[in-house]
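Residue numbers (the working numbering), protein chains in the order written: chain X, 1 to 220; chain U, 221 to 440; chain B, 441 to 660; chain S, 661 to 880; chain R, 881 to 1100; chain A, 1101 to 1320.
Warning: the hint list may mix true and false statements.
[As the list claims (entries may be wrong)] Distance windows between CB atoms, simulated:
1) U:A274 to B:K619: 50 to 56 Å
2) B:F505 to S:K702: 39 to 45 Å
3) R:P1093 to U:R367: 47 to 53 Å
[Stated by the list, open to error] One side of the interface only, derived from the structure: several residues of chain U facing chain X at Cβ under 8 Å:
4) D309
5) A412
6) R422
[As the list claims (entries may be wrong)] Rough simulated footprint, nothing fancy, chain U against chain X, three-plus residues with beta-carbon under 8 Å:
7) 134–145
8) 186–200
FYI, nobody ran anything at the bench for these hints, they're computed from the structure. In this text, a Cβ means the ideal position worked out from N, Cα and C, and glycines have one as well.
6 protein chains.
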Amino acid sequence: MAKVATKPKGAKKEAAAGAKAKKPEVGLKPAPQADTEAMALKLERGDLSRAMAAYLALCDEKLGFVPNVLAAYAHDSAKLEAFAGLYNDLMLAPSGLSKLEREMIAVVVSSINHCYYCLTVHGAAVRALSGDPVLGELMVMNYRAARLEPRHRAMLDFAAKLTTDPDKIVEEDREALRKAGFGERDIWDIGATASFYNMSNRMASAVDMRPNPQYHGQAR
Amino acid sequence: MAKVATKPKGAKKEAAAGAKAKKPEVGLKPAPQADTEAMALKLERGDLSRAMAAYLALCDEKLGFVPNVLAAYAHDSAKLEAFAGLYNDLMLAPSGLSKLEREMIAVVVSSINHCYYCLTVHGAAVRALSGDPVLGELMVMNYRAARLEPRHRAMLDFAAKLTTDPDKIVEEDREALRKAGFGERDIWDIGATASFYNMSNRMASAVDMRPNPQYHGQAR
Amino acid sequence: MAKVATKPKGAKKEAAAGAKAKKPEVGLKPAPQADTEAMALKLERGDLSRAMAAYLALCDEKLGFVPNVLAAYAHDSAKLEAFAGLYNDLMLAPSGLSKLEREMIAVVVSSINHCYYCLTVHGAAVRALSGDPVLGELMVMNYRAARLEPRHRAMLDFAAKLTTDPDKIVEEDREALRKAGFGERDIWDIGATASFYNMSNRMASAVDMRPNPQYHGQAR
Amino acid sequence: MAKVATKPKGAKKEAAAGAKAKKPEVGLKPAPQADTEAMALKLERGDLSRAMAAYLALCDEKLGFVPNVLAAYAHDSAKLEAFAGLYNDLMLAPSGLSKLEREMIAVVVSSINHCYYCLTVHGAAVRALSGDPVLGELMVMNYRAARLEPRHRAMLDFAAKLTTDPDKIVEEDREALRKAGFGERDIWDIGATASFYNMSNRMASAVDMRPNPQYHGQAR
Amino acid sequence: MAKVATKPKGAKKEAAAGAKAKKPEVGLKPAPQADTEAMALKLERGDLSRAMAAYLALCDEKLGFVPNVLAAYAHDSAKLEAFAGLYNDLMLAPSGLSKLEREMIAVVVSSINHCYYCLTVHGAAVRALSGDPVLGELMVMNYRAARLEPRHRAMLDFAAKLTTDPDKIVEEDREALRKAGFGERDIWDIGATASFYNMSNRMASAVDMRPNPQYHGQAR
Amino acid sequence: MAKVATKPKGAKKEAAAGAKAKKPEVGLKPAPQADTEAMALKLERGDLSRAMAAYLALCDEKLGFVPNVLAAYAHDSAKLEAFAGLYNDLMLAPSGLSKLEREMIAVVVSSINHCYYCLTVHGAAVRALSGDPVLGELMVMNYRAARLEPRHRAMLDFAAKLTTDPDKIVEEDREALRKAGFGERDIWDIGATASFYNMSNRMASAVDMRPNPQYHGQAR
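Same shape as in the complex, but just chain X (with noise of 0.2 Å):
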């Protein structure tokens, strides 16, 4: 807010008082955030199959870096294969869904979990897809102070009970999201890319995944 006082006439006592807090003010400045490791487990680089070896060299030469998701699950070819399939296909393949829908439900299930790894990396995804900064941050920060259609806000919904209540889920979440559009693909497609955060901001927390620096001051 204003760092602007107000500057009420008692101003002097105010000063006054504070001059007899002994303490200056002294509380430490945190050390820079900056990381350089993927995750805290100390598991090193596996023997990477020809295709993955090639998937991560494309990423570098694409994106300039290494995702660190990638990186952590890096110390085994056969887990990053096996993580990299499902995930390409969730987030790239053919879907009802938009790029951007998938990554607004992404960001929006790593916003209850507190997830800092997906809420970094996905939330720059949405800023970049929507070209709307301000997007990004009402997902990170709680999608339900944003101005969305019907259709988003029923899929959103879903996604954050899915997330918090997934033993509460019942017929009548299906149909509300068949009211709002729809189709028996997309509800698949809507509860597979909200299941999947949940597995990937546990799997980030679990092993204490760290963002690349670069995905912070993207397409702000």
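Since the structure of chain X is already known, use the hints to place chains U, B, S, R and A on it.
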């Protein structure tokens, strides 16, 4: 509990009082819960790749049925392949965790999330792999009531916290696993297994996946 | 799920990667969970009244064992008598709710509270009274996944809310039961049954009550 | 707090601003909350056994009224007898816990469950038995704010955890009670009292039980 | 409840069983809870401005004591003035909400947060302003058990949701207030009052603020 | 994450399957989220006191805009003055906590409460005061993922517990702050800051306060 009345001496009185209840005992009996559909979404089987068609055929041959989770994913060959790839690496690949331990994690996560599909299927797996039906029930009902060695208690406590409070996992939690004898790769595997079932539980819930009835009676 | 590998063509590579895991698959197998003690507290059997001694003998004769909840209470004859008196009235007295319905409430409450003792004992009762083992599993795992008539859904929704949010029960909740066809006395009985298991679940947890092993395999 | 305005020098301005509020201060005053019905269910008094009729008469003679919980149960003599039997054993039988301690547990459990009936009745009992009205208020409002000896803190911490997280009670929790000086039978009694009020709170909520107005002013 | 035993005929037996309890009834009685300190922090009274010194003197004259919340803030004159300024505007300025309604909100918020200080002080205010001690108890214990007009129910439901789920307040919640007859400025005041006590409850908790003992018996 | 497909060899098949999805990618793009209103309530600017008019003018001059929280409060001059008085004392007065530390507390509390307004405004302040945009993001997303000194970890842990469980703060929590080097007055300031944002978060939510768009890009 005992269906044996204590027959307190006031019993005749009680019977008389009971007689005044005008309604006979008429509570409906629920219809049989035998499931015939793999899930609630109306999605037809897709055009399966040769590998996936062979995979389902092999399941049918070995198990006598196609697990409904695979039948549900089979509306899209690429999605089936991606899911099966991740699942098989997770549960069948070499690991410092035994297959039973991975199944125990699966069931404990599913118990917290009250996932009917996964509790049924993986509860059966715990019974089968351990040869101890009571262990299966304990994982389904409340792992804290089981008599466990510190290794298993630490493993399951981590999986439970990762499920309910992923944002509160800190280095001390990983340290607790190390103290219980787990290595870096084991921590990865514990985290990956618990994370995976947080996805699967939600996918099952999103589409109302129903377990094949064969699982219920297995290894009792 | 299917214990059938997809055998992706990268399998040899994966096996090689797996070979690098230095630890063989050594996960401990938990010791058998056969329980021998009724509970964790060290309290010897009390001096039972004639009526209570006869009650336990009758249980043993009819069931082949004394249920451990009774064995636990038997450290004090008056407490055993008071508990049995309330229990028998609740579960066996005439009521607009069938015995099966009362057992369904018992299990749903116990599922929310994750009570190992009550889930085991009353899960068996639901299987036996309904003749449908799957119904028993559904009540243990997640009643919202069961195919239920509106009467049973309303009854169990009330029991679940009373368990998790007793302070939020308002007249609208009782009205929902009336609309589902329940009378005033039925509402009392639904409330009383759900309340009783909120007590029993906690008593079982407070003293670590263990179910007799006979229940696990009953009516599968 | 102080209903004394600071009268800041801007007060006239404020009054002027206030004057613009078109509505006068019209908030409705709630109607008097004097309760006349024992509960919301319409159930007439049943045909009481001689013992139960005498019990209610004795209450009326000694207390000047029949407690509404008994009036509510009196629609069915057998249910009244079963409830009273358990209640009286729990709260009046010999125990290592004083009557005051049992009432403190009752109120702490009821505070967590926000039970109007039990907080009113047992709050009065704590005030009366302790002779300290402030202790009664503390148990109703937040026992953690009270100045308590380790014995009582341990006792109430156990009761609180058993109320909110019954599935997380483990041997360490019972050990904490032993370290605070409680014996095996005392642990039973703490568990039984906390469990009983988790039942009573819910029963009161299920049927909207209302305390007799006499309790409110007792022992203030 | 009734401290009247049912004297079941097994009473002698019970007494005998009781006799075996080796420990006499020895439960400690908690020490009197009379508070002498305003809070747990050791902060001396600051050098008060003339206005603040006069304010405290006026409180003392009118109430017979200085409310402990003011005594606690008095370690710093500027903080005391800022707090009193906000408090007095909120609770005493003209508003579409009556003073009683603002106090009802204060107590309902404090009940959810279990704030000993605010429940004591503002519970007394509800009793005094309404002339109905039972209303005060209902707000402290569970406002949902009170017999309220739709206006008050809507007002308190909004305050309760704002307290427990501030991130889930959406336009529909404001609309519910408008339908209950509240205007835009009234909605501001409901929100501001509920928000303020979410601050005060936490401040009281952070420093363990203790209410002056005079409040407990007021307006009973 | 990487928007780079792995191009598994089954890709052609997958594309074919995708082709069957009848719907093109049609997900709506949300409308731009640029906010033009300070809040959802329709309240016109009040008749401001000279001091308050000057305060808003000064903000506009120094910041280039009037922060929307002040614009929202400006419907009533006295309320604006009271709010600004408390805010300015809290965030700008001398304290043992640096301004950055107070802003860190503001953001951590707002992260738990998912407050769009405060996360935006105070997230920008953390970035600006620390010169470390990543630190700002960590406070918004999950402070537990930040690399912090024990002083800051203890400070934020206290603020977080005060936010989620104010009724569970006990002397041990204050002791933990003392062990981390904080004095009595520092504890007051930590508590006061965390409490204030629990108010502000709810006020922002109650009236749907919207941050000025300028904050989003600041200090990135």
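Each hint tested on the structure:
no.	hint	result
1	U:A274 to B:K619: 50 to 56 Å	holds (53 Å)
2	B:F505 to S:K702: 39 to 45 Å	holds (43 Å)
3	R:P1093 to U:R367: 47 to 53 Å	holds (51 Å)
4	D309	holds (4 Å)
5	A412	holds (6 Å)
6	R422	holds (4 Å)
7	134–145	violated (count 0)
8	186–200	holds (count 11)
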